[in-house]
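Please arrange chain B on chain A, whose structure you already have, making use of the hints.
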Amino acid sequence: MTPTKHIEMRNVRKGFRFFTLEDLSLDLEPGQIMGFVGPNGAGKSTTIRLLTGLLAPDAGEIRVLGHAMPEGQAIAKRDIGFVSDEMRLFGHATLEWHMQFVASIYPGWDPQYAKTLVRRFNLHPEQNVSGLSSGEHVKAVLLLALARRPRLLILDEPTSGLDPVARHELLGEFMDVLRDEDRSILFSSHNTVDVERISDRITFIDRGRLVDSSDKEDFLERWRRIQLQLPAGTKLPDLPHVVSRVVDGQFVTLTTNRYSPDLVSFLGAGVREVQRMSLEEIFVANVMYHRELRGS
Amino acid sequence: MNMLARKLIAKDFYLNRWLIIGSTVAGLVGLLIATEGEIRFNIGMLTWLTTIVAFGVVLAMNAIANERKDRALQFVLSLPLSHGDYVRIRVVGLLLCFLVPWAVLSVGAISLVTVLPNLPDGMLPIVILLCGFMLANYSVVLCGALHTTSEGVMTIVIIVTNMNVTLFIFLILGLPALRDHLHAPAPVWNSIFWTVLSVEIATLVVTLSLPYFVAARRRDFI
Chain A
1 MTPTKHIEMR NVRKGFRFFT LEDLSLDLEP GQIMGFVGPN GAGKSTTIRL LTGLLAPDAG
61 EIRVLGHAMP EGQAIAKRDI GFVSDEMRLF GHATLEWHMQ FVASIYPGWD PQYAKTLVRR
121 FNLHPEQNVS GLSSGEHVKA VLLLALARRP RLLILDEPTS GLDPVARHEL LGEFMDVLRD
181 EDRSILFSSH NTVDVERISD RITFIDRGRL VDSSDKEDFL ERWRRIQLQL PAGTKLPDLP
241 HVVSRVVDGQ FVTLTTNRYS PDLVSFLGAG VREVQRMSLE EIFVANVMYH RELRGS
Chain B
1001 MNMLARKLIA KDFYLNRWLI IGSTVAGLVG LLIATEGEIR FNIGMLTWLT TIVAFGVVLA
1061 MNAIANERKD RALQFVLSLP LSHGDYVRIR VVGLLLCFLV PWAVLSVGAI SLVTVLPNLP
1121 DGMLPIVILL CGFMLANYSV VLCGALHTTS EGVMTIVIIV TNMNVTLFIF LILGLPALRD
1181 HLHAPAPVWN SIFWTVLSVE IATLVVTLSL PYFVAARRRD FI
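Residue numbers (our numbering), protein chains in the order written: chain A, 1 to 296; chain B, 1001 to 1222.
Hints listed in this document are in silico derivations from the structure and should not be mistaken for laboratory results.
Errors might be hidden in some of the hints.
[Stated by the list, open to error] Okay, the calculated beta carbon distance ranges per label pair:
{"#": "1", "chain 1": "A", "residue 1": "D163", "chain 2": "B", "residue 2": "R1006", "range": "54 to 62 Å"}
{"#": "2", "chain 1": "B", "residue 1": "V1205", "chain 2": "A", "residue 2": "V165", "range": "50 to 58 Å"}
{"#": "3", "chain 1": "A", "residue 1": "S133", "chain 2": "B", "residue 2": "E1151", "range": "44 to 52 Å"}
{"#": "4", "chain 1": "B", "residue 1": "R1071", "chain 2": "A", "residue 2": "E61", "range": "26 to 34 Å"}
{"#": "5", "chain 1": "B", "residue 1": "R1071", "chain 2": "A", "residue 2": "M288", "range": "42 to 50 Å"}
{"#": "6", "chain 1": "B", "residue 1": "I1201", "chain 2": "A", "residue 2": "D163", "range": "52 to 60 Å"}
{"#": "7", "chain 1": "B", "residue 1": "S1209", "chain 2": "A", "residue 2": "P164", "range": "49 to 57 Å"}
{"#": "8", "chain 1": "A", "residue 1": "T20", "chain 2": "B", "residue 2": "M1163", "range": "51 to 59 Å"}
{"#": "9", "chain 1": "B", "residue 1": "M1163", "chain 2": "A", "residue 2": "R10", "range": "49 to 57 Å"}
{"#": "10", "chain 1": "A", "residue 1": "M288", "chain 2": "B", "residue 2": "R1006", "range": "47 to 55 Å"}
{"#": "11", "chain 1": "B", "residue 1": "I1110", "chain 2": "A", "residue 2": "S160", "range": "54 to 62 Å"}
{"#": "12", "chain 1": "A", "residue 1": "D176", "chain 2": "B", "residue 2": "R1071", "range": "40 to 48 Å"}
{"#": "13", "chain 1": "A", "residue 1": "F18", "chain 2": "B", "residue 2": "A1054", "range": "38 to 46 Å"}
Glycine included, C-beta positions come from ideal geometry on N, C-alpha and C.
One chain only, chain B, in its complex shape:
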């Protein structure tokens, strides 16, 4: 990674620092709330989930769509970089920006399940799949933001990815191979778990690679 790429990634961290810190704190508060009682657990996990999903949407919108809308993109593109460099730097920079709170909050949620005696370890596969889903979901939003200049299309991407959260939870809780082991004292890593995780990883790889082959090769950038 060259010096300019490092500077631009550092710029993404700097400009989004309060969003990153705020989201991490909000998610941790959610996990703290989830430590006691069933109702508090549900409220806390909902806060945790909503925080990560909303953070991803706001980050992508702030950094890409609003940069274009606020015309700061022209300033960035006046720097000594090509369109391809810009897209590659944005993918890496914004993925790293997301990974910080995501990693902290994912480790927090996994720790919550493994450490707290009142929560069965059988929940672990579901929590891990949920964490993986949120990362893949963010990569879809990021990919959309890098490819479209239309606010309408971006709104559709956000609505669809938000709806996906509910659909995904229904999906995995509807799969007997996962649901039936939810209250088990030990996690069950069966083939369904690995299949869902593989789909998440594949989504991540495809959506993060697509900008390199499509957006980065665009000849007109503004």
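Just chain A, same shape as in the assembly:
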């Protein structure tokens, strides 16, 4: 039997006065970590709010852990750990109180794991939440989400505002969650370094539209930057799958989203270098290409 997809979005639309999320379709399989990448204002948080039932779509269908959203959110959220950089705990209560509160609601709460996370994150349960630094606060919220052992972890910019060491610790914890193949993570960020480190599937979003979605390795294999030196007076013909072309005298830099050795053979002796691209470079090139296609 095919396992239920953890996230299924089909042609989802959500309109606001100055922004519309348009025709968004997205799938997340059990055991996957999806990096959800987009610039500020791309629609990442809106998408996540739709997935967690905080917003209802104007059109389209959303299913999370097999439950239609937002109607089935009360049941779906039993198995969802949701953390947002905007989420805050109750300032006048201690972390210990929050831990007891969450533990009393979720039968899957793992007290040993919670203790481990308290130590690893260097938190003090008896401390009032209002006294936590912003980094400690994010760790506390993550602790509360992780220790309930959710099947689906939805993280909206969880590492923004954290120092590199804290980010490193948290990313390690996210990987730890996936020891069990039935669990998955949707991880939204504009920090492509974090996303590249932990994700096995990546989705790019920009200005309310899905730009591209694929396996991380597929992105890294498909995208290349090719540097050419052309003899004077030579004009490069139109090439398929070339998303950008920068000409500087005889030197031309091509960016392709469908790299194959055949392309290098076709370009011939003029090829000076073929460079792999980082996820950030792929993201920027991809977004710029799609903006150009849409004429915006």
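Then chain B, alone, in the frame of chain A:
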């Protein structure tokens, strides 16, 4: 009521425990002051009245408006509940939180009038109507807080409900059917008393029901 609802209501009590205790104590101090002499009676009853009204406003603001403003609402809504559950739990939880000091202080004020020989029992209908008014007034604040995300609108609701206290006192003391029996040795339960009480109960029912039909059906919550 399910387990999650009980936990969330217990959370409201826990997070507002000092406010509940402080308001109850302040109101009781007011009643204590009111036991002797006309001036002390006026000061004490004013303290009692102000405490209950202010408690209601602070409770609703703390629990709903500030929860939203401080972004703790996202944490609550990440729990396994629907928007409808959230609204229903907030109505019940915050009503119960208010009822504790309100009930103690209402019983205190009624006892004050009935027990103290220097206070005429004819004051009882007015005191009961005042207690009923404060409960209805709180339900209006609660209803407003559950329906609006605008600080401006909430400020207007608070100003109007605070002004209502003075207007209400003027209103009931301006009604001869109530005023004329204020100094009577025994309470008079006439039709005007029952009419005003019915209006208070109707306000309570409408404002506490409205969130179930409007706020609970909202599709976008943040």
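Status of each hint after checking the structure:
no. : hint                         : in the structure
1   : D163/A - R1006/B: 54 to 62 Å : violated, 40 Å
2   : V1205/B - V165/A: 50 to 58 Å : holds, 57 Å
3   : S133/A - E1151/B: 44 to 52 Å : violated, 27 Å
4   : R1071/B - E61/A: 26 to 34 Å  : holds, 29 Å
5   : R1071/B - M288/A: 42 to 50 Å : violated, 33 Å
6   : I1201/B - D163/A: 52 to 60 Å : holds, 57 Å
7   : S1209/B - P164/A: 49 to 57 Å : holds, 53 Å
8   : T20/A - M1163/B: 51 to 59 Å  : violated, 42 Å
9   : M1163/B - R10/A: 49 to 57 Å  : holds, 52 Å
10  : M288/A - R1006/B: 47 to 55 Å : holds, 53 Å
11  : I1110/B - S160/A: 54 to 62 Å : holds, 56 Å
12  : D176/A - R1071/B: 40 to 48 Å : violated, 27 Å
13  : F18/A - A1054/B: 38 to 46 Å  : holds, 39 Å
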